[in-house]
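Visitor: Read in my numbering, the sequence shown has 70 at position 70, and its numbers run on one by one without any break.
Source of the hints: derived by calculation from the structure; they are not laboratory data.
Don't be surprised by glycine CBs; every beta carbon is placed ideally from N, CA and C.
Possibly wrong hints are sitting among the right ones.
[Stated by the list, open to error] Here are the simulated lysine-lysine pairs, BS3-like style, with alpha carbons at most 30 Å apart:
1. Lys198 with Lys91
2. Lys149 with Lys200
3. Lys149 with Lys198
4. Lys75 with Lys149
[As the list claims (entries may be wrong)] Derived DEER-like restraints, expressed as beta-carbon distance ranges:
5. Lys200 with Lys149: 33 to 41 Å
6. His100 with Asn177: 29 to 37 Å
7. His100 with Pro77: 30 to 38 Å
8. Gly170 with His100: 32 to 40 Å
9. Pro77 with Gln97: 16 to 24 Å
10. Asn147 with Asp78: 28 to 36 Å
11. Glu205 with Met32: 23 to 31 Å
12. Ala213 with Asp109: 23 to 31 Å
13. Leu45 with Asp107: 24 to 32 Å
14. Met212 with Met32: 40 to 48 Å
15. Gln211 with Met174: 42 to 50 Å
16. Asn147 with Pro80: 19 to 27 Å
17. Glu206 with Lys91: 37 to 45 Å
18. Val197 with Asp78: 51 to 59 Å
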Amino acid sequence: AFSVTFVQLHSSDSPRSSLAIAESMTEETKEMVSICYITGEGGTLASPRLCLHLHRNEAVVSRVAQQLLDHCLEKVPDAPARKEVPREDVKHGELLQELHSRGYFLDADITAYGRLEAGDLGAGDAGDAGDGDGTVGPIEAIGLSSNLKTRDRAFALAMSLAILLRLEPGTANMICNNFGVGELLHQARQQRGLWTVKTKLPTDEEIFRFQMALTTWPRGNPSRFLRFEQLEEV
Numbered sequence: 001a002f003s004v005t006f007v008q009l010h011s012s013d014s015p016r017s018s019l020a021i022a023e024s025m026t027e028e029t030k031e032m033v034s035i036c037y038i039t040g041e042g043g044t045l046a047s048p049r050l051c052l053h054l055h056r057n058e059a060v061v062s063r064v065a066q067q068l069l070d071h072c073l074e075k076v077p078d079a080p081a082r083k084e085v086p087r088e089d090v091k092h093g094e095l096l097q098e099l100h101s102r103g104y105f106l107d108a109d110i111t112a113y114g115r116l117e118a119g120d121l122g123a124g125d126a127g128d129a130g131d132g133d134g135t136v137g138p139i140e141a142i143g144l145s146s147n148l149k150t151r152d153r154a155f156a157l158a159m160s161l162a163i164l165l166r167l168e169p170g171t172a173n174m175i176c177n178n179f180g181v182g183e184l185l186h187q188a189r190q191q192r193g194l195w196t197v198k199t200k201l202p203t204d205e206e207i208f209r210f211q212m213a214l215t216t217w218p219r220g221n222p223s224r225f226l227r228f229e230q231l232e233e234v
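Given the sequences, and given the hints that come with them, work out the whole structure.
Guide: If you want it as structure tokens, here you go:
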């Protein structure tokens with residue numbers, strides 16, 4: 001089973017610039033954001049897709065979502081404008097089935113899926129930062145929420161985080177600090193690392209050790225070994 005990280009962010013009372021909002025967060029209003037990963041296109045484990053569920057829409061992270069995506073798209077060569085990012089909203093589709101099968105976001109019924117063609121954007125997922133597993137290729141993200149308005153914001157946040165994870169960590173951290181969503185990026189990195197650990201393919205040595213654990217040496221012939229299930233036949 002894969003875990004989901006829940007992040008609580010605080011908001012202020014009136015919309016202002018993203019930096020001003022970030023600096024004036026209070027305890028009065030809280031927003032719950034859930035982040036996880038699911039398999040990539042075709043069920044691949046190597047290139048998982050980031051999923052973000054936005055539970056409320058009246059907090060700081062909602063107000064800066066669109067601005068954040070605008071800023072992140074500037075870092076992607078030949079990227080379209082925010083409103084032109086390829087996106088598909090599907091009700092009760094395969095993506096939602098996988099999420100529900102893992103026990104995630106059971107109250108959601110529509111996924112907003114987006115895909116951007118991109119290469120190496122820096123030293124993030126694809127370099128020495130250690131945020132991912134060397135993924136270079138399309139950037140995919142999924143946003144979920146209970147209504148269209150909030151789902152738009154969830155999609156913008158999910159795509160923003162997927163882009164930020166491809167950037168050099170210093171650049172990504174600076175952008176997130178300016179928009180007050182540094183904790184969100186931190187949790188996305190943790191979930192990406194957790195996915196990498198849980199889906200890591202075994203090395204040849206690990207496979208050999210596993211095979212040896214399933215075998216035993218038969219009596220009188222130490223040059224051969226048999227599987228446990230074959231012992232009764234000897």
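Visitor: Against which earlier hints does the structure fall short, listed by number upward?
Guide: Failing hints, ascending: 2, 3, 9, 11, 12, 18.
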